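Student: Make a model of the complete structure from these sequences and hints.
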Amino acid sequence: METLSLLAGGFAVAMTPLNIGLLLMGCFVGTLLGALPGLGPVNGVAVLIPLTFAFGFDPTSSMILLSAVYFGCMYGGRISSILLNIPGDEPAIMTTLDGYPMAVQGQAANALAISGVASFVGATIAVIGLSLFAPLLARAAIHFGPADYFALYILAFATIGGIAGVDPRKTLLSALIGLLLATVGIDPISGVPRYTFENYHLFDGIEPIVALVGLFAISEILMLLEKTVKDRTKAIPVGSWLPQWGVIWKTRWAMLRGSGVGFVAGVLPGAGASLGSFMAYVTEKQTSNKKGTFGKGDPRGVAAPESGNNAAAGGALIPMLSLGVPGSGTTAVLLAMLISLNVQPGPLLFERQPELVWGLVASLYMANIALLVLNLPMIGVFTRLMMTPTWALMPIVAAVTFVGVYGISNSVFDLEMMVFFGVLGYLLRKLDVSLVPLVLGLLLGGDMERNLRRAMSISDGDWGILIASPISITLYIMTAGFLILSVWLAVRDHKQAQAERMTEG
Amino acid sequence: MGVVIFVVAALYTWQAGDYVITFGDVLGPSVFPVIVGIPMMILSASLVVFPTGQAEWPAPQRMWRQAAALAVLVGYTILLQPLGFPLATFALIALIGIILGGAAWKATLLGALMAPALWALFDQVLGLPLDFLGTLFG
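Chains as they are written, first to last, in the numbering used here: chain F, 2 to 506; chain W, 739 to 876.
What the hints contain is simulated information worked out from the structure, not anything from laboratory work. Here the structure is a predicted model, which means the values were calculated and not measured. Where is the CB? At the ideal position from N, CA and C, for every residue including glycine. Among these hints, one or two may not hold up.
[Unchecked claim] Derived contacts from chain W toward chain F, CB cut-off under 10 Å, selection only:
| # | residue |
| --- | --- |
| 1 | Phe770 |
| 2 | Gly775 |
| 3 | Ser782 |
| 4 | Ala806 |
| 5 | Val812 |
| 6 | Tyr814 |
| 7 | Leu821 |
| 8 | Leu830 |
[Claimed, not checked] Beta-carbon label-pair distances, calculated as ranges:
| # | chain 1 | residue 1 | chain 2 | residue 2 | range |
| --- | --- | --- | --- | --- | --- |
| 9 | F | Val413 | W | Met801 | 18 to 28 Å |
| 10 | W | Pro854 | F | Gly381 | 28 to 38 Å |
| 11 | F | Ser460 | W | Ile816 | 48 to 58 Å |
| 12 | F | Met379 | W | Ala797 | 33 to 43 Å |
| 13 | F | Ile21 | W | Ala858 | 41 to 51 Å |
| 14 | F | Ile129 | W | Met801 | 17 to 27 Å |
| 15 | W | Ala797 | F | Asp463 | 16 to 26 Å |
| 16 | F | Met379 | W | Ala783 | 18 to 28 Å |
| 17 | W | Val812 | F | His144 | 48 to 58 Å |
| 18 | W | Ala783 | F | Leu484 | 13 to 23 Å |
| 19 | W | Leu859 | F | Pro378 | 42 to 52 Å |
| 20 | W | Gln819 | F | Val492 | 48 to 58 Å |
| 21 | F | Leu19 | W | Ala858 | 16 to 26 Å |
Tutor: As structure tokens, then:
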């Protein structure tokens with residue numbers, strides 16, 4: 002009941018004209034960004050963050066706008082998957098498997114409608130889960146001491162790369178680079194400037210927003226340049242946009258199963274929406290692929306991954322809001338924005354700023370309805386906009402990125418930093434090093450160090466305090482278990498690859 | 739690349755030793771960088787010795803395009819203030835568009851349309867101050 006009254010308060014916050022306007026704008030822009038191949042939720046949100054700063058919105062409104070974009074991307078990604086066989090963003094890869102064959106068979110309208118409804122089901126279930134579980138987790142986390150937080154951060158770094166990640170060493174290295182970058186600037190406890198090279202621009206540390214816009218948006222432009230430019234495949238023409246409702250109804254169980262699987266995948270640290278849609282598809286294939294129709298245009302193969310990725314996107318907000326530890330790349334970017342607005346997510350957020358938390362949750366309910374309306378009848382508009390050629394799109398993205406970052410500080414130095422991080426991001430991506438742990442390290446580094454030092458001050462220099470509480474011991478055991486698992490998987494994959502090479506040669 | 743990271747990590751750890759503070763704080767500003775620096779050295783060294791995955795670097799021709807794009811981006815940061823926002827952005831959009839393979843006249847047209855439009859949107863409508871004319875002209 003308490004949750005309901007808090008939620009009602011949240012709706013009061015979300016219902017202001019400004020917030021509704023931002024919500025609708027975010028939904029529209031998000032769907033478009035999701036639909037455009039090459040721009041995913043991480044890039045999309047990263048490009049827009051500086052703009053919300055520049056306009057000086059309060060944290061709640063900024064969060065509503067960007068979460069609407071985030072959810073919108075999840076809806077939009079399927080459009081290009083189905084019509085072009087090119088995933089609009091990473092989580093939509095699984096949707097191409099059955100969505101494109103459906104479109105080829107003249108069922109494009111059905112595929113689009115199923116995926117739209119599935120997105121709605123998945124996202125709504127995730128938001129309901131968010132309103133139920135996030136406060137519980139926050140209440141549990143209130144007992145965490147500095148040493149426990151230090152342990153929690155270590156767990157976050159160990160898991161963010163995901164189980165299916167490439168070389169776990171690269172993931173850890175990426176997190177360490179982030180931590181290294183986080184120590185640049187004046188040490189907040191002792192006042193000693195560190196690694197500033199006597200450059201006064203660096204005294205305040207590296208602005209995370211500038212760094213991550215460079216890492217994601219600028220590096221994306223450099224990545225695009227190395228691909229061959231060719232005319233994009235023509236979208237499959239859609240005769241009628243009207244779907245057959247019976248087909249949608251038949252996929253209801255696939256949607257619910259996909260939502261459940263996706264939601265759990267989203268809550269787990271380091272998984273995120275891509276894994277959510279992957280697991281939802283695999284589960285659905287195992288349960289319902291009796292006639293071998295999956296991969297050939299089975300409607301359930303569209304419903305499951307779409308509900309899965311949307312549910313995971315919502316689920317990933319839970320650890321971000323209640324622990325301050327994001328579960329995916331996009332939530333890491335959202336965390337960056339909150340920290341830069343002086344909002345520290347974590348258990349205290351629910352007590353100190355309930356209007357932000359519940360306003361956001363309420364607006365997510367509204368965003369889902371808006372997105373469903375936007376995505377069913379207006380699908381034709383997005384299909385047309387989706388065909389914007391890359392040569393026209395990316396320069397505008399670059400220009401908007403520069404305006405946003407320049408608008409925060411009016412500093413050319415920040416623009417140069419952004420380009421520098423763009424090159425760094427490009428090089429790391431080429432070397433298969435995930436950027437998400439780096440961003441997480443940069444964001445949490447300061448806090449991690451502060452908690453470590455606070456713990457050591459409490460114990461007067463005794464390192465034993467780090468493993469003195471049951472919470473921290475549990476967290477370390479989880480970390481160790483996870484690292485062993487990922488190393489074991491990596492070694493196994495490596496051996497498999499070697500064995501394959503042996504048989505080929 | 740692994741070697742580069744190793745060298746950076748080593749310098750970083752070595753530099754950390756210089757940040758000494760004697761009062762107030764038990765750990766001081768240098769311990770955390772050391773905690774970060776040492777595993778970084780170990781990991782990067784292990785990646786140099788036992789590399790995994792092969793990076794595919796683009797063909798030289800593509801590299802040139804990337805270098806050109808980078809030059810445009812850096813040039814933009816340098817010329818933004820002297821030229822003013824609309825002119826610099828026009829050049830940015832047109833040049834990146836051409837590098838990305840758009841027809842020259844189309845990219846120029848796009849830049850000519852979008853640069854003033856973005857300026858009007860951000861400066862006039864949304865109230866973000868952007869120089870119309872740069873220091874060079876004004």
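Student: Does each hint hold? Answer for all of them.
Tutor: Hints, verified against the model:
no. : hint                            : in the structure
1   : Phe770                          : holds (4 Å)
2   : Gly775                          : holds (7 Å)
3   : Ser782                          : holds (6 Å)
4   : Ala806                          : holds (9 Å)
5   : Val812                          : holds (6 Å)
6   : Tyr814                          : holds (7 Å)
7   : Leu821                          : violated (12 Å)
8   : Leu830                          : holds (6 Å)
9   : Val413/F - Met801/W: 18 to 28 Å : holds (27 Å)
10  : Pro854/W - Gly381/F: 28 to 38 Å : holds (30 Å)
11  : Ser460/F - Ile816/W: 48 to 58 Å : holds (51 Å)
12  : Met379/F - Ala797/W: 33 to 43 Å : holds (41 Å)
13  : Ile21/F - Ala858/W: 41 to 51 Å  : violated (25 Å)
14  : Ile129/F - Met801/W: 17 to 27 Å : violated (50 Å)
15  : Ala797/W - Asp463/F: 16 to 26 Å : violated (57 Å)
16  : Met379/F - Ala783/W: 18 to 28 Å : violated (54 Å)
17  : Val812/W - His144/F: 48 to 58 Å : holds (50 Å)
18  : Ala783/W - Leu484/F: 13 to 23 Å : holds (19 Å)
19  : Leu859/W - Pro378/F: 42 to 52 Å : violated (27 Å)
20  : Gln819/W - Val492/F: 48 to 58 Å : holds (53 Å)
21  : Leu19/F - Ala858/W: 16 to 26 Å  : holds (22 Å)
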